[in-house]
Amino acid sequence: MSKPIVIGMDVGSTTVKACVVDPESKEILWHDYERHHTKQPEKVLEFLIRIGQAFPEVAREDVRLFITGSGGGPLATPTGAKFVQEVNAVTLAVETLHPDAGSVIELGGQDAKIIIFKEGENGDKTASCSMNDKCASGTGATIDKCMIKVGMPPAETVKLHFDDSKLHHVAAKCGVFAETDIVNLVKTGIPSTEILCSLADAIVMQNLSVLTRGNTLKPKVLLLGGPNTYLPFLQECWRKRIPEIWEERGFDYPKDVPLEELIPVPQNAELYAAYGAVMYGLHEPAEVGAYLGLRDLERYITEGRKERLGESAGPPLATDQSELSEFIEAYRIPKFEQAVFSPGQTVRAVIGLDGGSTSSKAVLLSEEGEVLRKAYTLSKGNPIQDTKDLLRELRDGVRADGAELEVLGFGATGYAADVLEETVMADVNIVETVAHMMSATHFFGDIDVICDIGGQDIKVLFMENGDIKSFKLSNQCSAGNGMLLQAMADQFGLPVTKYAETAFQAELAPKFSYGCAVFLDTDRVNFQKEGFSKEELLAGLAQVLPKNVWQYVVGVPRLAALGRKFVLQGGTQYNMAAVKAQVDYIKERVPGAEVYVHPHSGEAGAIGAAMETLRVVKRKGKSRFVGVDAAIDLEYTTKNDEETVCHFCPNECSRTFIDAFRPDGSTARYISGFSCEKGTVESKEAMIELVRERKAIMKEFPNLVHYEALKAFQKQKDLDAMPEAGAPTEDVEVKQTFWGQIKHEKIQRGFERAPSEIYEQRRRWRLGMPRVLNMYSTGPFWMAYFQSLGVDPRNIVWSDESGEEMFAEGGKYGSVDPCYPSKVAQAHFHNLFFKHHEEKPLDAIFFPILTHVPCFIEHAVDHTSCPIVAGTPDVMKAAFTKEQDFFATRGITYYDPSISFVEKVRMKRVLFETFQQALDLTEDESNFAVDQAFEALERYDQDVQAKGKAILEQVEYENRVAILMIGRPYHLDPGLHHGIPDEFQVLGYPILSIRSIPKDHDWLRRFFQKDLDEGVIQTPLDINDVWPENYSANSAMKVWATKFAARHPNVVLLDVSSFKCGHDAPTFGIIDRIVEKSAVPYSALHDLDANKPGGSIKIRVKTYAHSLKLHEERLEDIAKKKDELSRRIDEKRLELLRMKQEQLASLKRRDPALEQQIDEVTARLSAYVRDADPDKDAREKAQKGLIKLGKKTADGGLVRV
Amino acid sequence: MEELDIEKELAKFEAEQRAALGLGSEQKEHWTDEMVDPFFSAKQKAHTEILVGGLTMAHDYLVEGGLSGLGYTVRSLDCPDTKALRFGKEFGNRGQCNPTYFTVGNLVKELCRLRDEEGMTAEHIIEHYVFLTAGACGPCRFGMYVTEYRKALRDAGFDGFRVLLFQQTGGLKQASGEELGLKLDPTFFVTIGQCLFAGDILNLLSYRVRPYEVQEGATDRAFAAAKKEVYDALAKRGSILMALWRARKHFAGVEVDKLRAKPSVAVLGEFWAMTTEGDGNYHLQRFLEQEGAEVSIQVIANLLLYNLWEFRHDTKARMKLKGADGGNFGLKDSDVGLTLAGLYLGEMALRAWWQGWAHLTGLNAHHLPDMDLVAQAGHSFYNQELRGGEGHMEVAKLILNVVKNKAHMTLSVKPFGCMPSSGVSDGVQSVVTERYPDAIFCAVETSGDGAVNFYSRVQMFLFKARQRAQAEYEQALAEAGVTEDEIRAFVKGTRYASPFFKPPHHHAGTGADFVRHVGPLVKAGRLGRAKIHATRFAASVKNAVTKDLPASYGRLREVAPYLPALVRYVGVEARDYLPVIQEGLEKMVEGVIKPNDEEQQAIDRAEEATSMMPPQPVRAPAASLPVMA
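Residue numbers (the numbering used here), protein chains in the order written: chain D, 1 to 1201; chain C, 10001 to 10629.
Calculated directly from the structure, the hints in this document are not laboratory data.
Please note that the accuracy of each hint is not assured.
Okay, derived cross-link-like pairs now, BS3-like style, lysine-lysine, Cα gap no bigger than 30 Å in a straight line [stated by the list, open to error]:
(1) D:Lys39 with D:Lys118
(2) C:Lys10322 with D:Lys82
(3) D:Lys743 with C:Lys10320
(4) C:Lys10322 with D:Lys743
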């Protein structure tokens, strides 16, 4: 008998690690570590052969095999191995090798794990483990991808050291977001060392804030897994951030031990899982894990995998070759032939340029609208240089033919358009969506839907009468875009141009579920493990693309309702596999669908810009463009140094200033490399100027979202004084009868009031409240309650407004990952503890569980709050008392009673019981304060509504529009709405909030009269006609507001919703239906999260502004027509009245009333003539926007200045 | 001369001018949901099939039987699978939770199958089918499922399809007027109760027996036969008691070996995710059993008890207030005495009914939870007023599992993005596990795609649970001083070998409990065994006197003030149920004396045989005897 050996094999998502262990000494006899390039079984086979060669003397019967890792499962049966769960394996390895370890951080290819060892009551050590859910990045694969994007050779990365002096924003929450951020940093010229350090920091912070589930890592903290082992800068980052958390949480760690020992990277750290599998095996009976040899594994590789696939797979992209050839024949984009010019010819044309995020394109368009030439360049992060290169390519191309180029005009779209408008005096600067629309209508005329799939985003435009009726844009998520296909092709080492060719070879395709790119990648890994080939995977991914577009991004399953004529454009349409999937998907759902692929798919934006330029130049008769030569010679300077670093927040973005010289010699500055709008200004003075300008506009065009948020937390005025002791008051006695019934009897007695010294104590009592969630809709209530009880308003402290900085500082305590609005609550607690309490100690923190919230909807099933929002106070209690009691250690008492705004009597009892002891309250005092609080809430409502009413009447009078932001109460928080309403406000639109719409039945009846007459609703505030399951108060109010906007001619909608919002989701379909039927302009920004989606906001704001401009024009037209109609009716009336007068005269009769009417109508008609004077428009224009809050007529109506 | 009617002339003129100016009517059309008041009339009953689904496979199957017994044409849908999920995702709203996608998608999937595979038109389907499902009124999205059903059905081309909502509280929400197709009388509710309770009991029994079966598949065969017995009894309005008795016999035939150290895993979490038995939770229960665990499931009776408790708690918390509030929980216009009396009576009836059936079927020593104890355990961590999902039960049950050593591991399964469970309970559980460091607690999310990570997570915790179960089992053997083989030899042919034998609870694992109970008897000899039995009996008497009696007394004192109201309640409300009770009793008697199909055949054969024989003196027919056996 030979000496037995035990093999441990760790089959990860990117590598296979193996070790051979002597079961007696537990010593590693052999080990290796290699990438498997998605061929896991083959690599395992190779390793087993090599192990066989290394241990020729060991008989097969003496070999045991234990397999672990995400790809290990399917390989257990063919090899005879026992599968061991990975974390168990790592835990056992650590327990064997490092009995003193307190915690482990292992970063693998696809997953990250944290193990914390806890000591149980019996002294036994138990390991508590957490793994990342599918969303989280911070894993080896993300690091790998980002390193490729950064372009730093591996040999250099291992020499890099962590430096936190210049870190940039990288969203580590999601692998795709991280990659996008990295690409943007690379493009803006940030040094690769800074980028990698930023990435490391983001990953470390993400893992520390989410994966630890709010637990504190205990030393020693072992760093395991590939990235931790090989990247010193990552190790150093852990060693910097973990002790910071220890310090912050007051955790006592041995400060005399060097950090390298407290947070060590053990030798052969990559082998721990494999070694742990062996340790696990040694606990198992001897017959477990008996190695079967290579035969079954070889058979598995050749046949076994395929056998299992048939049933789970779907059909391929094309059933047979003839279908495929027919399709390609019909849909292939014809190869573009650049126009040929004859020597001496003068080419008269316009140029359109699309400065996209990943590439820039330009086209030369003839006066007749024919595309003559195209130019393309990958974006280098400097739009001016990109433009110069493209213009040079076009000009030199024409010159090469011996012809001369005469540029009639120049138009731009995309992110470069603003700077080009200023520097080269572009004739046109239009938003991408409008450019795409113009291009598509140019080629296909009257179409219904344009679907543009670019590298990073998806734009779907719904058309009506040749213009954009509404649109949907992808959020930050890259599901379904070109980058996804590119990334997938990359995974298989294929150029994206070979994608279609490869995918069409598949005979079946795995069925992917639609959704986020990270989820798809996880699925891809799983399918690959199941044995699908790359051809099949690529086909499956192409098939999921339309689902991602129509179901995930657009969210419209009834494609047929959108129309029949679809145009597909954007660079992705060059991939025929994607086009085939799209065409099949659309045709299956839309009977008689016509699907066209734009002949210049990639340049649709540039063509649109050129078309618009042609129109503008023709109309004006001249161009303002500096000329192609001048543009090519445009001088600019770039600067990227200490001076250009943005200091407006701790992100310290390293920016690049590109100064280009305008024709008049002045300079136009383009700033790149910032992550928020603060970076758009270059100095503090400029910042002040920007803020001043914005404030001026804001004053002119009121923003009630801003106003409401401000008012919610202010000191309450107009409160009644607490009655004196003994003042007559009414009370109720409760009795129960023999039969169990409850009787209430009213009695009169004197008011019970605490003595004055208690009031002195109350005045000094200091209370903190988090400015979050439904505190936004109840803030005035709490202010009034505590003020009425005698608490000094200065001692009622609200945490600061939410913001990225606040979340970065205080977002590390949560053990769950719900929506951002509730997740941010922990940062507010942190803010109260570490800022406000430190400034002046707090006695208490109050954060009620609001099960039912104030709600104006009538005949509703209930007025409940969202369960996550209601439960957050308990989650906060758990988070801040788990390891150490943050309240007790600071002498703060935490109050989180459950309160219902539907039950006032019960609320009085609960509040009295809650604060009775702390404030030495009498029940009468507390009840009085509750009554005051309700009145304060009512005053707050009335105040906001009066302002809303003024705006509504003003815009209606002026035929303008006001934007109604529909969201949940906490979307008033600038940290949650990310300044989106302000973006619209500076364009000159007044912003309304849901609260600001008057709720007065009489005032509203005008809009709901038809519904009331038909009996579908009982009152104007009833939504049972559209949604009877209306128990969620904030959702119901949102739906009502949508109904209101649908009925008010001058109100348009801006819908904001947070990522993972469970109570918004059921309303999406309802809101869509209401909006669709009434055709009220609507724009939505869904899936808002912690980080501000700057680019996404910008394009939406611009596109929506375009639609709103058209809408306002329509309103003006209608108003003019209505004026005309009343004039004609009055003329007719006068004519008829006169006829009647003649009739009477012929009968020798007179009617004084009739004569009076004739006088009145005549007077009205002469007024029409006066109104038609030429200066009227100018005068009205001057009045526009002059809405001032606080000034209103006696009846509370129209505000005129 | 006709007098000029100016207003009439002007109206005509205005219409002309409006058209000329392109102004049209100023009244915009607005969307209203036409599907909100589905109507199913008695006249349509004959040609309408009611589709049901959404619970465990056993429950759905039995509800089908129960309703068909009431004269409806009913069909339960298949367990939702990933295909249903895809339908749900295509036609549902974005950002919904998985149970919504699975359940809504399952209905759409079935309707599409009827249309595409069976060639029915959408109009025919809308006319001939209705769907019956449970509803609620918040606070999580469960109550909004019906919104989602309407949206998905409309978008999938079944605009107008009727979804009838059988609400958890408050009966069936339906338009009134014409006679209703679905009669919601006491018979209906009692029948539904029968289906749910029988489903609970058979499910529990199968999960209890399967891990210890000696012959693989024996339990599943017994389970299927048992379900069929109850289904037939429900469908033919026969005696359920007899059906359960026959079901017991099927299970009695399963040979078991309890000498296995199996980790006991209590499955908690979001209601649907922990209840479904298909792709919706990656066949979690089966997976756990394959991994060697004994699964402890939650039953629907627990949820009903929770609802009753909630109602009682809400009433008691408000009855002493200085006024009555409105809203769904306020006591405005409520007769507190009658409500509480009804609730006490309801709970007693539910417990007696359920436990009685359980005992009859062989599900011994399974106790429905004491809801006050559950509430007390969880309240300091999770406020009872937060009603989402499982309410405080998810947190409380974890605590009780640890404190009362009820399971080695607690697995909380929830769909990705479940509001109360992922968003709140999990956050709270983090402090619970900190306070109870011995808890093996695994919270897993199902996302509907990719089972690998899900299984991997479960296995991670199951490993620890298995180790703990093994240690506990070995310790029990050591303490008893016997070997497995000795016990096995001892129990052969005794009542301990019965699949229904449940050793008293002490350890978390069944195997260890079995060893602890039976082990000491093995070598004790006849006298020694008698002594052990006597000691155990004395201990149980002591327990009854010191614990059960005071508890019952306490409960009596709590209920006593409502006894007059109870009398009133019986007089006022329960009269409606008398015919049902009477019918039930008649059925019971009939079931005892009436032979089943097999027996009837035996009787027929016997009668046939006797008819051939010459006339005999009259005496009781021998063939009727098996009925009593």
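query = Taking each numbered hint in turn, which are not upheld by the structure, reported in ascending numerical order?
reply = Going through the list in order, the structure violates hints 1 and 2 and respects the others.
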